[in-house]
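Undergrad: Chains as they are written, first to last, in the UniProt record's numbering: chain A, 1 to 372; chain B, 1 to 372; chain C, 1 to 372; chain D, 1 to 372.
Hint data in this document are derived by calculation from the structure and do not stem from the laboratory.
Bear in mind that the values here come from a model prediction, so they are computed numbers and not experimental data.
Mixed in with the good hints there might be a few duds.
It does not matter which identical chain is used: a pair holds within one copy or between any two.
Derived lysine-lysine pairs resembling BS3-like cross-links, with alpha carbons at most 30 Å apart [as the list claims (entries may be wrong)]:
1) K239 - K254
2) K44 - K30
3) K196 - K30
4) K111 - K2
Number of protein chains: 4
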Amino acid sequence: MKDIIQVGVIGYGYWGPNLVRNFMGVAGAKVIAVSDLNPESLPKVQSRYPSVQVTTRTQDLLENPQIDAIVIATPVSTHFDLAWAALQAGKHVFVEKPFTATAEQAIQLIKEAARRNLVLMVDHTFIYTGAVRKIRELVTQNDLGEIYYYDSVRINLGLFQPDVNVIWDLAVHDLAIMDYVLSPLQPIAVSATGMKHISGGLEDIAYLTLFFNNNLIAHLHVNWLAPVKIRYTLLGGSKRMLVYNDLEPSETVKVYDKGITVTANSEQMYRMRIDYRAGDMWSPQVDRTEALQTEALHFIYCIQNNESPITDGKAGLRVVRILEAATQSLFSQGNPIELTSIREPEMGLDSPKYAYKKPQVVSEVAASPKIR
Amino acid sequence: MKDIIQVGVIGYGYWGPNLVRNFMGVAGAKVIAVSDLNPESLPKVQSRYPSVQVTTRTQDLLENPQIDAIVIATPVSTHFDLAWAALQAGKHVFVEKPFTATAEQAIQLIKEAARRNLVLMVDHTFIYTGAVRKIRELVTQNDLGEIYYYDSVRINLGLFQPDVNVIWDLAVHDLAIMDYVLSPLQPIAVSATGMKHISGGLEDIAYLTLFFNNNLIAHLHVNWLAPVKIRYTLLGGSKRMLVYNDLEPSETVKVYDKGITVTANSEQMYRMRIDYRAGDMWSPQVDRTEALQTEALHFIYCIQNNESPITDGKAGLRVVRILEAATQSLFSQGNPIELTSIREPEMGLDSPKYAYKKPQVVSEVAASPKIR
Amino acid sequence: MKDIIQVGVIGYGYWGPNLVRNFMGVAGAKVIAVSDLNPESLPKVQSRYPSVQVTTRTQDLLENPQIDAIVIATPVSTHFDLAWAALQAGKHVFVEKPFTATAEQAIQLIKEAARRNLVLMVDHTFIYTGAVRKIRELVTQNDLGEIYYYDSVRINLGLFQPDVNVIWDLAVHDLAIMDYVLSPLQPIAVSATGMKHISGGLEDIAYLTLFFNNNLIAHLHVNWLAPVKIRYTLLGGSKRMLVYNDLEPSETVKVYDKGITVTANSEQMYRMRIDYRAGDMWSPQVDRTEALQTEALHFIYCIQNNESPITDGKAGLRVVRILEAATQSLFSQGNPIELTSIREPEMGLDSPKYAYKKPQVVSEVAASPKIR
Amino acid sequence: MKDIIQVGVIGYGYWGPNLVRNFMGVAGAKVIAVSDLNPESLPKVQSRYPSVQVTTRTQDLLENPQIDAIVIATPVSTHFDLAWAALQAGKHVFVEKPFTATAEQAIQLIKEAARRNLVLMVDHTFIYTGAVRKIRELVTQNDLGEIYYYDSVRINLGLFQPDVNVIWDLAVHDLAIMDYVLSPLQPIAVSATGMKHISGGLEDIAYLTLFFNNNLIAHLHVNWLAPVKIRYTLLGGSKRMLVYNDLEPSETVKVYDKGITVTANSEQMYRMRIDYRAGDMWSPQVDRTEALQTEALHFIYCIQNNESPITDGKAGLRVVRILEAATQSLFSQGNPIELTSIREPEMGLDSPKYAYKKPQVVSEVAASPKIR
């Protein structure tokens with residue numbers, strides 16, 4: 001097992017600096033080179049990290065035998081080519097979200113990484129927050145009961161992306177969270193609607209409904225044109241309900257002992273009786289460690305121990321195929337698109353291996369980078 | 001012009017007491033009889049209003065020549081028969097929302113009322129709040145610019161209705177508000193999704209997307225199974241954006257001087273440049289008069305002056321046809337349903353007569369029951 | 001034991017209608033007469049409660065042998081004379097807060113009621129809310145540990161009272177809550193500051209600090225001139241801390257597992273080490289019954305069972321003597337005034353008899369009007 | 001005029017890194033040396049700023065002829081000695097808040113800086129936020145009318161300071177803001193109360209009331225032991241009222257068109273009539289530039305142009321003398337302490353020169369480091 005994993009980072013734009021800072025900061029990793037096509041980005045790296053090699057040539061990183069792992073923080077359209085080249089060069093790969101521009105690309109990368117026994121990880125950052133891990137724990141322990149719905153809103157006056165619509169930019173976060181929290185449940189169809197408001201632009205507002213095999217329903221609302229910043233997720237279950245508000249610094253997760261109970265109505269046999277239950281609310285303390293730090297540690301751990309990450313290529317694929325189908329549904333004003341057709345057993349999409357494991361409690365997590 | 005309009009109220013269940021209290025309290029009206037099929041409801045009327053005649057026979061009200069107007073506060077399935085009988089008896093009619101169970105019923109009532117020159121009004125209560133009237137005023141004055149989207153959320157742990165789904169129970173409010181605020185713009189198609197969670201019950205959670213002729217999009221989210229009570233509407237425009245929060249007692253309407261400006265990018269001719277604008281926020285004081293009081297006054301005014309109410313049968317029809325189409329779309333998991341097919345020029349659905357009139361300012365409204 | 005306690009209400013202004021409604025609505029009581037000096041108030045009583053006798057002569061109630069108990073809802077300056085006359089007439093007495101205009105008056109009434117074995121109760125309404133009873137329960141069970149501070153804010157754009165300053169109008173609520181929640185702890189001195197802003201008016205903003213025998217401190221902030229309505233109480237303890245927000249409809253009481261732990265610092269023996277603890281938050285469901293209903297039931301119960309109410313004359317006295325001392329401190333810009341001098345052992349001020357009883361749980365309370 | 005002011009920073013603990021970062025980042029300044037008594041702090045400086053000289057000897061900075069200005073970020077007990085030595089060495093001085101440990105020390109530094117014609121500035125950071133500058137602008141323009149009260153709350157579960165009580169740690173911020181916003185009005189007496197809860201510790205909770213010559217009153221509430229983080233300031237005026245919430249990211253300042261109007265009562269000549277006014281609310285957009293950046297620019301500007309800073313030594317002295325008097329009042333449980341006795345005409349405490357100047361609008365401010 002290598003003590004220090006040496007990392008090369010491709011792309012030093014919006015997210016790259018955060019990745020460099022965290023891979024520099026965690027034990028077991030060290031960034032030794034950064035590339036960016038824009039030469040103006042490089043002096044910032046040099047002044048902050050004098051020891052790091054900088055270059056405008058991606059090839060310099062791929063050819064550097066000192067580099068064990070490549071971190072890709074470039075536009076999604078370039079992910080496949082860069083990740084493919086990195087795998088060819090024998091590097092472990094960490095890719096910014098969304099994983100790839102198509103599900104087909106995702107499948108190829110997954111197969112190639114498996115063939116070469118390299119770690120392939122997708123940067124679904126929110127999965128590594130204490131809040132989302134706590135929610136996963138509550139769902140796994142059956143604290144909410146059977147899940148009825150998953151409902152999220154992620155809106156603000158956001159940066160319009162020139163190359164992807166608001167689904168690929170914002171809903172990707174919620175799809176990644178939902179994939180992790182509801183696992184092993186997976187949607188079987190998606191209906192999406194949305195609208196463009198800028199001439200020449202892409203959809204800036206969108207709504208996704210996801211259908212499952214049972215009566216679970218999920219809905220996502222994303223918007224770049226909202227006057228206020230709102231981010232919350234409601235998770236309704238047969239036993240309890242939960243509100244996750246990412247913008248609430250101290251009570252991020254709230255669990256409500258609320259719900260309904262349906263009983264046969266003794267007086268009117270043919271009608272059910274519904275009782276409403278409103279009990280205590282409980283807001284568990286969640287781990288506040290920076291998600292990217294936990295995530296970087298997890299990537300390093302998986303390389304050192306030859307394990308598959310929680311947000312591996314298959315998790316990335318599961319999200320990308322929904323993004324693809326949702327965009328398709330968008331064009332037909334909500335016509336539902338089935339998701340089942342692209343399932344492949346060998347992709348393991350139906351049974352993520354971590355699905356039935358009880359997650360470790362948060363306090364243990366803090367001591368170990370293995371967070372499943 | 002009759003000085004006092006004598007009113008009979010059918011139905012004294014959940015909403016009836018509010019209607020009786022308001023028609024008793026406003027100048028120009030007087031409730032003289034109340035009927036309810038359930039004899040146990042009637043003593044409550046008598047102890048509160050000793051002068052009012054009570055009966056379990058609806059017919060007693062219809063046959064009473066003293067009664068000028070009938071107020072219907074019964075389940076929606078009975079609306080058509082009761083309203084039809086009241087019109088036949090020559091009474092003006094005020095009907096609880098939703099107007100009717102089908103668009104076809106609505107059309108028949110509209111025609112019959114017109115033929116008999118009787119006032120037919122639908123109880124779209126929120127239209128008569130100071131907040132919604134203020135929003136209509138801002139839209140009409142072009143303070144928001146071109147409207148980009150209308151987005152509302154109305155959720156709580158709500159009473160499950162045995163006879164109608166959550167769309168007919170809750171979304172009806174938002175459709176009525178939207179119809180008024182965006183007038184004369186009207187949706188041309190609807191895509192709806194939703195889910196039932198109670199065996200034998202109806203949909204308790206639903207999402208509606210409404211499409212218009214231009215790039216305006218509307219979305220409604222309703223839910224009877226939410227752990228928290230949330231009600232807000234976002235209205236995004238090219239000039240300003242607005243948040244309407246019905247649960248916020250003092251800052252119900254907030255107008256944000258926020259948005260984006262798109263300009264040609266001089267350096268890269270083929271790409272637009274988007275500038276983000278964040279200015280002041282302004283929360284106008286709104287009239288706090290109880291909406292039902294304003295509404296009762298408006299009904300009386302329309303009877304006395306032979307005018308058509310703002311929320312007339314056509315407004316009721318415009319809402320009901322969306323409820324019908326949405327329920328149809330729900331069955332096909334979001335397949336969009338066109339609304340244009342049921343438009344009829346003689347129904348005047350395309351050009352509501354009040355559309356281009358500038359509304360009176362609120363302070364004038366207070367002095368006059370004519371609020372258009 | 002009399003089955004039905006017949007009640008006469010003096011004063012039908014702001015609060016009187018609520019008292020009449022509740023004493024009419026609870027089992028075991030019946031309002032049979034209402035008096036008000038203003039003849040214009042009486043028709044409202046008659047139209048609402050045709051069976052109740054109305055009069056402008058207070059004497060009519062005192063002389064009525066049918067009346068068992070007198071409820072006084074008049075300005076504080078009249079409380080002593082009315083309560084004294086009612087006791088002389090052999091009636092049980094329920095007095096609006098503040099109990100009396102001076103501590104001396106309070107002592108006389110307490111002695112007279114005791115001598116005649118009549119129930120004397122002060123309307124400290126908040127004590128009978130589910131939220132305050134829950135807080136008392138948590139304190140009694142030592143869930144918060146040793147109490148460090150009690151800090152309340154009660155401000156809004158409020159009605160200026162012509163006859164009493166803001167302390168007598170608003171702080172009286174918080175002093176009554178504090179007296180109940182912290183019992184048997186009682187303050188030994190008060191420092192108060194405040195200001196008048198209206199020519200000819202009384203103090204419209206005030207701050208009170210209360211000192212106790214140990215390192216507990218209490219502070220109250222009241223203001224009639226605030227742009228926003230704020231009401232919250234913070235209760236800090238050695239084990240947990242609590243926030244009580246009366247305006248928050250669903251999470252009125254929040255208990256935080258937060259605090260500090262002080263340990264000897266092994267490295268630097270002469271310095272303590274402070275550890276900060278931030279755990280879960282818990283918001284218990286509280287009984288939502290209207291406080292005045294619980295309170296009316298408790299008054300009736302005490303009459304029927306010859307018991308002393310929770311908010312008896314002594315509770316009223318403990319609050320009034322602080323109001324007196326605070327007003328005195330106000331004149332000297334915060335000079336602390338001792339409260340000990342007016343303690344009298346025979347008043348039982350030091351050891352309220354309910355102090356060490358564990359309160360019944362809320363669900364039991366609902367079944368019984370005896371809420372201690 | 002020197003183009004680049006070379007800066008030496010003493011102290012690289014909690015606040016020092018922010019000062020170094022900002023003095024490095026603004027035009028016209030450059031940090032060339034940093035000293036800290038703790039040698040473990042220095043490698044952090046070196047790795048971040050390889051060009052900066054580091055040392056554990058303060059003397060190295062004072063003796064360095066290249067250094068024009070000394071920035072002091074050490075515990076308050078050391079401020080006087082360090083600032084005095086820096087002035088003796090002919091350096092301009094920027095001192096962390098609180099300015100000094102006693103008013104007497106502050107006076108000596110002010111006189112010495114004046115004698116040597118050196119700039120002496122106190123780091124009252126909040127003065128340089130867009131929000132506080134906007135509030136000052138509104139007060140100066142008389143938008144609020146006559147100021148009735150200034151009321152602030154600054155509480156959280158905060159770091160216990162071993163050397164100063166909560167007044168010196170937290171209230172210092174509010175006193176600095178108040179001094180700037182209300183200028184030229186200054187308090188004439190202070191009454192303070194508070195309590196210690198840690199054996200061997202200092203006061204962790206405190207309340208200050210400040211009296212002025214007219215009917216203005218100010219109150220500050222600070223607490224290190226609160227379960228929730230609350231920071232707000234209410235500013236009540238005869239025309240409008242204002243709420244400043246530092247933790248609210250988008251609507252930091254809200255101006256309420258609310259208040260009361262007192263008129264002679266025509267019917268009852270001897271009584272006033274009070275009318276309540278509730279109009280619109282307005283939340284102005286405020287400049288979001290980091291305060292410390294604006295402040296660093298202002299210090300450099302003052303050195304280059306030989307001007308006196310807004311938060312000069314006299315502003316620091318005005319705050320320190322209140323801290324001293326408040327601590328004295330604390331010992332006597334609220335006994336008011338007069339502030340007038342330490343006024344000295346030559347200190348210019350009564351008439352700050354910037355008092356009557358209309359502040360520049362925010363947009364102009366952005367273009368110029370001179371923000372008065």
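Undergrad: Could you place K44 and K30 in one of the four classes (within, between, both, neither) given a Cα distance threshold of 30 Å?
TA: both (18 Å within a copy, 18 Å between copies)
Undergrad: Have a look at K111 and K2 and pick one of within, between, both or neither, based on CA distance no larger than 30 Å.
TA: within (25 Å within a copy, 64 Å between copies)
Undergrad: Under a CA distance limit of 30 Å, which applies to K239 and K254: within one copy, between copies, both, or neither?
TA: So K239 and K254 pass the 30 Å test inside a copy (14 Å) and across (22 Å) alike.
Undergrad: Go through the copies and call it for K196 and K30: within, between, both or neither, with a Cα cutoff of 30 Å.
TA: Neither, since 43 Å and 47 Å both go past 30 Å.
Going through the hint list in order, the structure does not satisfy hint 3, though it satisfies all others.
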